[in-house]
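Q: Letter by letter, the sequence shown follows residues 1 to 405 in my numbering.
A few of these clues could be false.
Listed below are the simulated DSS-like cross-link pairs for lysine-lysine, each with C-alpha atoms no more than 27 Å apart in a straight line [as the list claims (entries may be wrong)]:
| # | residue 1 | residue 2 |
| --- | --- | --- |
| 1 | Lys-133 | Lys-159 |
| 2 | Lys-133 | Lys-196 |
| 3 | Lys-350 | Lys-391 |
| 4 | Lys-159 | Lys-196 |
| 5 | Lys-196 | Lys-391 |
| 6 | Lys-196 | Lys-210 |
By construction, these hints were calculated from the structure, which means they are not laboratory data.
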Amino acid sequence: MTDTTSQTEPSTADEESAPDTAGPDINVRIVGLTKIFQDSDGTDVVAVDDVSIDVRRGEFLVLVGPSGCGKTTTLRTVAGLEEPTEGSIVIEEMNVTGLDPRQRDIAMVFQNYALYPHMRVRENLAFPLDVRKFPQEEIDRRVEEAATLLSISDLLDRKPGALSGGQQQRVALGRAIVREPSVFLMDEPLSNLDAKLRVQMRTELNDLHKRVGKTTIYVTHDQAEAMTLGDRVAVMNDGKLQQVDPPQHLYDNPTNQFVAGFIGEPPMNFFDVDVREAGDRQFAESSLFDFGLPDDLSAAVESWDGDRDALTLGLRPEDIHDAEVADERVGESNTFEAYVRLIEPMGSDKFLTLTDPDAPDDLDTEFSARVSPESTIEEDEVVTLVANLDKIHLFDDVTGENVTN
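Hey, can you work out the whole structure from these sequences and the hints?
A: Structure representation (structure tokens):
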């Protein structure tokens with residue numbers, strides 16, 4: 001961890017309006033956090049916009065979103081490296097908004113590891129304790145415990161330049177662990193590693209969190225990291241908090257179209273539809289299909305007071321199947337035809353890129369499906385597909401809200 005001292009004080013109004021405690025089960029409380037920067041011509045840029053999150057004791061919370069969404073600024077404000085324009089930070093039932101990083105019970109792991117190249121691993125691990133004048137016996141104990149925990153005891157006498165990327169990352173984690181903080185803050189710590197090592201380090205981080213049990217706030221732009229590491233995942237976009245939920249709930253029940261499109265690989269397909277009523281059932285019609293909506297979706301649409309001509313239907317690629325080998329029940333209201341532009345065999349399944357058969361070269365109609373490897377579908381042909389209608393989502397074109405939640 002690199003120690004940085006803030007030279008600024010928050011406004012008195014912030015201190016007076018902030019809660020004094022977060023409660024015994026809440027380790028970190030982010031309250032109404034707003035951060036505004038000024039660009040080179042003096043224009044205000046809202047990096048974080050009224051974000052509030054309660055982080056539970058021992059929880060692994062992941063902040064995820066595209067570049068520039070405000071996730072790193074949020075983390076840096078919790079750390080005390082940025083002063084909030086509005087709002088407050090409460091850690092361990094204490095309002096720390098006006099305290100510098102050294103006075104907050106946190107340790108931070110940075111993207112670039114921030115190791116001192118002239119120091120051996122042992123000295124890098126000991127550094128945050130040395131500057132706080134810990135007794136040497138206590139320093140040695142903590143360094144040895146962290147090295148054993150991270151399986152780097154054999155690296156203690158090496159310098160960072162002699163270490164691999166994964167080993168450097170373990171040392172950076174170890175330097176945070178020796179602090180024995182209440183909260184770990186991690187800013188994209190795996191982004192400099194290659195794909196194979198990232199997967200390995202995800203597993204190690206997961207195991208480390210289970211053993212150490214400390215509250216962790218982790219920032220990443222990688223949704224695979226977010227979904228595999230987080231007890232809960234907080235999705236951000238344009239400085240705003242979009243949704244905070246456990247990974248599977250986030251995937252199955254996105255609160256809006258942005259979350260639905262951001263979480264999932266390949267991403268959710270979106271189709272412009274008109275919704276009409278026929279008898280006691282609602283139908284969603286596009287240029288490709290005319291789906292009869294299940295009873296629960298029909299009820300959701302009936303109770304919605306928005307414009308039924310201003311809806312977008314969302315369906316994930318894995319919920320579209322080759323009708324020839326599908327387990328789904330095939331019927332008139334859940335089948336449709338599409339033109340196959342591309343097939344990507346992935347071993348356990350095949351990714352299809354498809355378009356409207358009446359306009360096969362119109363990329364605006366392009367969507368994807370993830371079908372069984374047993375499918376005999378070929379490129380440049382028109383095929384019959386079947387949709388799992390129970391997995392449909394409908395979104396308001398204006399607000400992006402998920403109408404079917």
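Q: Hint by hint, note whether the structure agrees.
A: So, going through the hints one by one against the coordinates:
1. This hinted pair checks out: Lys-133 and Lys-159 have alpha carbons roughly 23 Å apart, not beyond 27 Å.
2. A hinted pair counts as satisfied when its Cα atoms are at most 27 Å apart, and Lys-133 with Lys-196 does not qualify at roughly 39 Å.
3. Of the supplied pair hints, the one linking Lys-350 and Lys-391 holds, its CA atoms being roughly 20 Å apart against a limit of 27 Å.
4. For the proposed pair Lys-159 and Lys-196, the alpha carbon gap of about 24 Å is at most 27 Å, so the pair holds.
5. For the proposed pair Lys-196 and Lys-391, the alpha carbon gap of about 32 Å is over 27 Å, so the pair is violated.
6. Straight-line distance between C-alpha atoms of Lys-196 and Lys-210 comes to about 22 Å, which keeps the hinted pair within the 27 Å bound.
Consistency with the previously given hints fails for numbers 2 and 5, ordered from lowest to highest.
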